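Protein chains: 2
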Amino acid sequence: MRKKHIDIGIAILGCGTVGGATALALIKDKELLLEKTGLSLNLKYIVDKNFDNAVKLGLNKKLFETKLGVVLNDPDISIIVELVGGLSVAKDFIEKALLAKKHVVTANKALLAHAGPALLSLARKNHVTLAFEASCGGGIPIIRALCDGLIANRIDALYGIVNGTCNYILTQMIDKGQSYKDALAGAQAGGLAEANPGLDVSGMDSAHKLAILASLAFGQKINLEAIPVTGIDCLQSMDVEFGCRLGYVVKLLAVASRLENGLALRVHPAFISREHPLAWVSGPFNAISVYGHKTGHTMYYGRGAGGSPTASAIVSDIVSCALGTQRLLFKNLGIWSDKTKKAKQLPFGETVSRFYLRFMVNDTAGVLAKITASLGKNGISIASVLQKEIPEESGRQRGKVPVVIVTHSAKEKNVRKALGALRAARVVVEDPVCLNIVDECKD
Amino acid sequence: MRKKHIDIGIAILGCGTVGGATALALIKDKELLLEKTGLSLNLKYIVDKNFDNAVKLGLNKKLFETKLGVVLNDPDISIIVELVGGLSVAKDFIEKALLAKKHVVTANKALLAHAGPALLSLARKNHVTLAFEASCGGGIPIIRALCDGLIANRIDALYGIVNGTCNYILTQMIDKGQSYKDALAGAQAGGLAEANPGLDVSGMDSAHKLAILASLAFGQKINLEAIPVTGIDCLQSMDVEFGCRLGYVVKLLAVASRLENGLALRVHPAFISREHPLAWVSGPFNAISVYGHKTGHTMYYGRGAGGSPTASAIVSDIVSCALGTQRLLFKNLGIWSDKTKKAKQLPFGETVSRFYLRFMVNDTAGVLAKITASLGKNGISIASVLQKEIPEESGRQRGKVPVVIVTHSAKEKNVRKALGALRAARVVVEDPVCLNIVDECKD
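Those sequence lines, one after another, are chains P and R. The first sequence lines up with residues 11 to 453 when you count with our numbering. The second sequence lines up with residues 11 to 453 when you count with our numbering.
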């Protein structure tokens with residue numbers, strides 16, 4: 011004898027790639043989800059202005075609705091899935107939905123990074139939940155890991171590869187020796203990068219996700235604007251190649267670590283030792299390494315984008331909202347509450363790390379001495395030097411050679427100071443390249 | 011203004027490595043846990059016969075109790091943590107605790123693999139929860155991923171490295187060329203293997219975990235006895251080395267996959283391509299790869315054993331029981347219910363895979379022809395052959411050489427039949443070695 015199903019009315023706002031995939035998951039997997047959860051998840055509305063994609067996917071026209079008001083006033087609807095994206099319209103929709111006492115599930119990382127605590131506070135005031143597993147790491151249940159599975163831990167550090175487009179481009183540069191431009195063009199041709207890839211390659215998308223993940227990991231309010239962000243768009247093949255030779259792979263990392271005097275947050279291309287599990291994450295995959303004081307190193311790996319994986323995360327949030335588990339976590343754990351204290355975010359220069367430095371110099375006597383003297387004066391000690399001979403037949407200007415230096419641990423602001431001095435003294439003929447080297451946490 | 015705390019009374023049964031670490035976590039992290047969860051987790055009893063370890067850890071003697079009855083009759087206690095281990099006593103304790111309407115948190119994989127559905131059914135009848143995040147993968151929240159984060163998925167396959175002792179031994183064999191015996195001795199000296207390592211190296215511990223993980227992943231009842239299990243104790247260095255040369259690493263894998271006509275479950279040492287993320291899991295770490303129909307490949311990585319990581323999982327279960335989220339999941343999702351249908355577990359021979367075969371033969375003309383003929387007769391096609399020359403000065407009997415064959419995909423029973431025929435015809439001078447090659451799932 012089967013127990014009675016619980017009916018859950020759902021509306022999806024926005025029918026793009028993720029909205030369409032979520033609609034299909036709810037419709038095609040209805041029986042599977044009923045069997046697994048005892049819930050009858052009924053998609054009642056797809057709200058959009060344009061239904062071209064919905065029609066292409068064969069979705070029933072009865073679902074199409076252009077007015078949000080209809081959904082807000084329908085007592086059958088208990089969960090609204092916001093997949094409009096962007097900031098202002100999405101924010102307005104979410105606020106209206108929460109005020110109408112509907113649970114909201116969203117994948118909107120940009121909006122959460124900007125206005126997370128305010129929106130979550132509004133949800134709490136209205137005794138509903140705002141769930142956002144799909145905002146980071148696509149199908150990887152990383153939000154749950156931070157809020158639930160790792161609850162016993164004081165999180166000490168978090169390292170994420172959280173943008174599949176960038177990781178795909180970097181993998182092509184590493185494995186095939188492609189230039190950034192060629193790798194980007196390939197990614198665009200393969201549908202792995204958007205025509206306008208700015209948000210991805212600039213590192214901003216990773217910064218949005220870092221703001222969310224770090225807020226949850228450290229239980230503090232993160233100021234997105236104060237996260238130093240460097241993208242992959244200036245990365246040169248030469249450095250990728252030198253890194254490989256030194257035993258490193260380059261990754262766009264979103265990093266948050268708890269230091270004595272505050273949190274160090276940053277997004278930048280960095281070298282990782284080949285021995286670190288994050289070095290193995292290739293192509294469009296994402297992974298997040300989390301270091302807890304009890305667990306030590308744990309890592310979560312999977313597809314960080316795309317319709318189906320993201321739909322998986324959205325449906326898991328729908329189920330949690332419907333079962334009431336999200337409400338309990340949300341209420342009791344004070345997830346990302348507006349009452350949590352503001353993080354003390356350390357300025358860029360405070361980070362201590364090893365560094366990869368590349369200088370382009372004229373191949374004359376005494377140049378290396380000047381470089382090492384400037385580094386030494388700033389308290390930076392050198393671990394190794396690599397000077398590559400440039401064959402005469404290469405297109406490169408004769409006499410201009412790269413000098414690569416790997417430092418021991420140093421404070422970033424000291425490194426920047428040394429580089430500034432070398433630039434000012436015209437010891438180098440191009441701006442030096444400076445990349446962090448992320449070492450494997452011993453734990 | 012701080013909201014009122016909720017007081018939760020806790021008893022730990024068994025104060026070994028994990029029991030001691032859990033007690034310390036509850037005591038030392040009391041403030042941290044209060045801040046994160048709003049719960050005041052009060053450890054009131056440690057029940058054991060012997061308190062040597064508890065005393066060594068500096069635990070307060072007021073906690074020590076030898077009679078379970080005292081705990082069962084104490085209305086302050088709402089959660090009992092069973093860390094006695096083993097089958098009969100632990101089962102008796104858990105049953106008594108559930109009948110006394112206490113939530114039970116356990117790390118006892120052997121007991122769950124044998125009696126999971128019956129115990130979970132008893133818990134349901136008594137309107138309490140039996141939580142077991144710590145039973146598999148130590149600090150990795152894999153049980154939560156399967157029951158919650160991946161709920162939207164039909165799981166198609168699961169590949170786990172779930173025994174840290176075995177993975178450490180295999181890593182030593184691969185990286186340092188050690189023999190199984192030497193690597194085991196090293197693991198024992200370093201505290202990474204028990205004096206009696208039987209449960210680990212035989213593969214049985216992995217089988218227990220596989221029974222639990224597969225029950226949750228597929229929502230079916232798994233018969234532990236019907237899982238074919240091969241340990242690492244017969245693995246020869248020669249095969250580890252040949253595998254490396256062919257681009258594979260050997261791992262003790264717990265595998266469950268959904269085939270057309272049933273579930274294929276097995277534990278065995280197998281070769282994995284260096285490109286598969288599981289190949290990168292080295293030393294005492296664990297990882298579980300899960301393939302869902304929506305997410306594709308996801309993987310969960312971390313320390314699979316040890317006091318602190320396991321205590322992290324136990325405390326997360328204590329928090330979930332106290333908040334009521336476990337109760338909701340447990341009630342609604344019918345996790346591992348005794349009403350779920352029995353899995354149709356396929357016999358060993360039905361698995362289709364590529365195979366690594368090593369034959370020891372006398373180095374005479376025509377031997378390779380006989381081997382390939384026998385394989386061909388059983389419909390097995392050959393992908394590559396590796397015949398290593400044995401230098402005369404080696405200790406090995408002159409004229410006896412290894413022939414390594416990698417097959418294309420073949421049904422295991424056909425491979426076994428071919429090997430049996432070669433053995434019977436005395437073409438080979440030792441029992442052939444046969445290892446599965448696990449290819450990366452394309453998704």
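Honestly, the hints are just simulated from the structure, not real lab data. Given the structure is predicted, the values throughout are model-derived calculations rather than measurements. The reader is advised that the hints may include incorrect statements.
What the hints assert, rightly or not - Mimicking DSS-like on lysine-lysine, the simulated pairs with C-alpha atoms at most 27 Å apart in a straight line are:
1. K38/P - K231/R
2. K349/P - K341/R
3. K354/P - K38/R
4. K46/P - K46/R
5. K46/P - K231/R
6. K231/P - K231/R
7. K71/P - K231/P
8. K40/P - K231/R
9. K410/R - K352/R
10. K354/R - K341/P
11. K40/R - K77/R
12. K354/P - K341/R
13. K341/R - K380/R
14. K72/R - K351/P
15. K38/P - K101/R
16. K77/R - K46/P
17. K40/P - K54/R
18. K387/P - K352/P
19. K341/R - K341/P
20. K191/P - K410/P
21. K38/R - K349/P
22. K341/R - K46/P
23. K186/R - K351/R
24. K349/R - K38/P
25. K421/R - K231/P
26. K341/R - K101/R
27. K387/P - K421/P
28. K46/P - K40/R
29. K46/R - K351/P
30. K341/P - K38/R
31. K186/R - K40/P
32. K341/R - K352/P
33. K54/P - K72/P
34. K40/P - K352/R
35. K72/R - K231/R
36. K191/P - K101/P
37. K77/R - K46/R
38. K354/P - K410/R
39. K77/R - K341/P
40. K231/R - K135/R
Hint by hint, which ones does the structure fall short of?
2, 4, 6, 7, 9, 10, 12, 13, 14, 15, 16, 17, 18, 23, 25, 28, 31, 32, 35, 36, 37, 38, 39
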